[in-house]
Amino acid sequence: MIADFVHSFQSEWIKQKRSLASWMVIAGGFFTPAIVIVIRLLYHDELPRIYAADGFWQSLWNASWESAAIFFLPMGAILATSLITQIEFKNNTWKQVHALPLHLAVIYVAKLAIILLMLALFFVLFNLGIYLSAIVPYLLVPGVSFPSAPFPYANFLKEDGLFYVDCLPIVALQYMISLRYRNFLVPVGIGFMLWVGTLGSLPWKWAFVLPYSYTILNYLKNEPHGKAAIPLANIHGLAIGYFLLFAIVGFWMFATRKEKG
Amino acid sequence: MDCLQTIDLVHRYGSQTVLDGVNLRVPVGSIYGFLGPNGAGKTTTMRVILGLLARQHGDIVIFGQSMRTHRVAILRRVGTLIESPSIYEHLTATENLALLQKIYQCPVHRIAEVLALVGLSGTGSKRAGRFSLGMKQRLSIAIAMLHDPQLLVLDEPTNGLDPNGIAEIRELLRHLNDEHGTTILVSSHLLAEIDRLVTHVGIIDHGKMRFQGTMAELKNLQHTARAVALRTGDDHRATQILVERGLHPTYDGKHIALPPIADHEIAALNRHLVERNIDVHEISVQRNDLEAIFMDLIGART
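These protein sequence lines are chains Y and F, in that order. Numbers in the working numbering are just positions in the first sequence, counted from 1, shifted up by 1430. Numbers in the working numbering are just positions in the second sequence, counted from 1, shifted up by 59.
Just so you know, these hints were derived from the structure itself, not from any lab. One or more of the hints may lead you astray.
Just some of the chain F residues that point at chain Y, by a computed CB distance under 8 Å [stated by the list, open to error]:
| no. | residue |
| --- | --- |
| 1 | 111 |
| 2 | 154 |
| 3 | 158 |
Computed from the model, here is a short list of chain Y residues facing chain F with C-beta under 7 Å [stated by the list, open to error]:
| no. | residue |
| --- | --- |
| 4 | 1521 |
| 5 | 1666 |
| 6 | 1688 |
EDC-like, lysine to aspartate or glutamate: derived pairs with alpha carbons at most 20 Å apart [what the hints assert, rightly or not]:
| no. | chain 1 | residue 1 | chain 2 | residue 2 |
| --- | --- | --- | --- | --- |
| 7 | F | 267 | F | 172 |
| 8 | Y | 1447 | F | 148 |
| 9 | F | 313 | F | 294 |
| 10 | F | 278 | F | 355 |
| 11 | Y | 1690 | F | 142 |
| 12 | F | 313 | F | 338 |
| 13 | F | 278 | F | 254 |
| 14 | Y | 1657 | Y | 1434 |
| 15 | Y | 1447 | F | 154 |
| 16 | Y | 1520 | F | 148 |
| 17 | F | 161 | F | 148 |
| 18 | Y | 1688 | F | 142 |
| 19 | Y | 1588 | Y | 1689 |
| 20 | F | 185 | F | 142 |
| 21 | F | 278 | F | 294 |
| 22 | Y | 1651 | Y | 1589 |
| 23 | Y | 1688 | F | 79 |
| 24 | Y | 1651 | Y | 1689 |
| 25 | Y | 1520 | F | 142 |
| 26 | F | 161 | F | 118 |
| 27 | Y | 1520 | F | 154 |
| 28 | Y | 1690 | F | 118 |
| 29 | Y | 1688 | F | 118 |
| 30 | Y | 1520 | Y | 1689 |
| 31 | F | 267 | F | 148 |
| 32 | F | 313 | F | 341 |
| 33 | F | 161 | Y | 1689 |
| 34 | F | 185 | F | 148 |
| 35 | Y | 1588 | Y | 1496 |
| 36 | F | 267 | F | 67 |
| 37 | Y | 1651 | Y | 1496 |
| 38 | F | 161 | F | 172 |
| 39 | Y | 1447 | Y | 1475 |
Where a beta carbon is used, it is the ideal one built from N, C-alpha and C, also for glycine.
Can you build the whole structure from these sequences, using the hints too?
Here it is as structure tokens:
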């Protein structure tokens, strides 16, 4: 079974080559850092002061994650999950996949694992982009010195890990819906409605029970202006719980479909 | 011994019965033509066999094992092509085969071999989405053959191919059967397309098997005359004489038509008419060709 999973995973990886989802991960990873670079180059007069500040890296991190945690990460998870699943519908290949000598659990988990790997790849590229958004203006603008503040590796890794965990419920729920519907617009539409609904519910004290809220709440946890209610529970634990729940229900729905492909 | 056997398969969509007790028996080493008009239940049968549709009633036994309990082990030895081509259009032909090579763990050189067999060796970096329908169909056949399966289940594999392509695929399937002993279950709605290929035939219509046997058994049905037509110097008197002989002729103003009778009876009838001074100008016997038998079996001819 483990060998089957490895082989199926390798097969799923080949399917991602040149797919829209893989291009979106690459473009999404560098989108916010590219905007940061452009803005910094436009307002280059401010750069010597910004680069000399003690909290340079944390400030850059916050600026980069603001749009990512609230907008791009939830939207990216919704789109990437739906696009990866859509590959089989679009190419009429579910019938081929279900006629392969693989247990249904292997098919289900291998595809989910690829989505999680693509998400991890997005995090790697996004972090690389953040670093480049610090280096590029330094290299291009004369008179800007390299940031004197130490690079906070441990803190960044920890925050990356938390954001990754926080978007898992979105992935699992989108995966469940995407496997169910041939029409790409259904999972994307449902995902966007849930995300917009979550944004509107942030001041609500029970907003933390909404599965699409965790990346946003994690970013706003130190926000002093009360944009979101303070969660009454450990949101990261809830995120893992929702992920497991959606993944299990999703598998049950996948395995009990009367018509496969 | 049967390679594939379905036992009393029943499948319903709501209140509509699509398969009504289908008992297929595909012998080892045969090329089994599964025939029927569009909507007869061929594709549904194949989808139920492969588990793409949930089995509602009956059982499926392949290589002597039940699909219910040995699905994965059985599918390792089966190649499939169901309906339209199943290929990843953003990938090349080689990549399409490579992702399945990972699953089947067959030798990597099989990819080049099957591409050569179906005439797609030269497609290089061209993405499958830019292939013609015929090329996509060839790639689907290559996919089905990749792991050198013992049983091929092919649903209308020549769809989209030109006459030359159909002949090539026919030769390829015959070669696989002759040289590798591959058992092949191939569906079609055209008897003429596969009558030179198959060794066994199953004919399905409205979800029921109308005929199952060897091609020779099907051809034996040809030897019975389907109808006899007579033209004489005095058709009215000839008709009376035929009635007196206990036959049931009908006269349409030009010919006297008789229901099917054996060859020796036709000869005796001719002698009798001549002895009664009736000039026999023409006796024509309409024999069954395979297409006519097929049409009769599916109730499409009156």
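Right, here's what the structure says about each hint:
{"no.": "1", "hint": "111", "in the structure": "holds (5 Å)"}
{"no.": "2", "hint": "154", "in the structure": "holds (6 Å)"}
{"no.": "3", "hint": "158", "in the structure": "holds (4 Å)"}
{"no.": "4", "hint": "1521", "in the structure": "holds (5 Å)"}
{"no.": "5", "hint": "1666", "in the structure": "violated (35 Å)"}
{"no.": "6", "hint": "1688", "in the structure": "holds (4 Å)"}
{"no.": "7", "hint": "F:267 <-> F:172", "in the structure": "violated (39 Å)"}
{"no.": "8", "hint": "Y:1447 <-> F:148", "in the structure": "holds (11 Å)"}
{"no.": "9", "hint": "F:313 <-> F:294", "in the structure": "holds (8 Å)"}
{"no.": "10", "hint": "F:278 <-> F:355", "in the structure": "holds (14 Å)"}
{"no.": "11", "hint": "Y:1690 <-> F:142", "in the structure": "holds (14 Å)"}
{"no.": "12", "hint": "F:313 <-> F:338", "in the structure": "holds (15 Å)"}
{"no.": "13", "hint": "F:278 <-> F:254", "in the structure": "holds (10 Å)"}
{"no.": "14", "hint": "Y:1657 <-> Y:1434", "in the structure": "violated (47 Å)"}
{"no.": "15", "hint": "Y:1447 <-> F:154", "in the structure": "holds (9 Å)"}
{"no.": "16", "hint": "Y:1520 <-> F:148", "in the structure": "holds (9 Å)"}
{"no.": "17", "hint": "F:161 <-> F:148", "in the structure": "holds (18 Å)"}
{"no.": "18", "hint": "Y:1688 <-> F:142", "in the structure": "holds (18 Å)"}
{"no.": "19", "hint": "Y:1588 <-> Y:1689", "in the structure": "violated (43 Å)"}
{"no.": "20", "hint": "F:185 <-> F:142", "in the structure": "violated (23 Å)"}
{"no.": "21", "hint": "F:278 <-> F:294", "in the structure": "violated (34 Å)"}
{"no.": "22", "hint": "Y:1651 <-> Y:1589", "in the structure": "holds (12 Å)"}
{"no.": "23", "hint": "Y:1688 <-> F:79", "in the structure": "holds (18 Å)"}
{"no.": "24", "hint": "Y:1651 <-> Y:1689", "in the structure": "violated (45 Å)"}
{"no.": "25", "hint": "Y:1520 <-> F:142", "in the structure": "holds (15 Å)"}
{"no.": "26", "hint": "F:161 <-> F:118", "in the structure": "violated (30 Å)"}
{"no.": "27", "hint": "Y:1520 <-> F:154", "in the structure": "holds (17 Å)"}
{"no.": "28", "hint": "Y:1690 <-> F:118", "in the structure": "holds (18 Å)"}
{"no.": "29", "hint": "Y:1688 <-> F:118", "in the structure": "holds (16 Å)"}
{"no.": "30", "hint": "Y:1520 <-> Y:1689", "in the structure": "holds (17 Å)"}
{"no.": "31", "hint": "F:267 <-> F:148", "in the structure": "violated (37 Å)"}
{"no.": "32", "hint": "F:313 <-> F:341", "in the structure": "holds (11 Å)"}
{"no.": "33", "hint": "F:161 <-> Y:1689", "in the structure": "violated (26 Å)"}
{"no.": "34", "hint": "F:185 <-> F:148", "in the structure": "holds (10 Å)"}
{"no.": "35", "hint": "Y:1588 <-> Y:1496", "in the structure": "holds (17 Å)"}
{"no.": "36", "hint": "F:267 <-> F:67", "in the structure": "holds (10 Å)"}
{"no.": "37", "hint": "Y:1651 <-> Y:1496", "in the structure": "holds (12 Å)"}
{"no.": "38", "hint": "F:161 <-> F:172", "in the structure": "holds (16 Å)"}
{"no.": "39", "hint": "Y:1447 <-> Y:1475", "in the structure": "violated (42 Å)"}
The structure fails to meet hints 5, 7, 14, 19, 20, 21, 24, 26, 31, 33, 39 from the earlier list, while all remaining hints are met.
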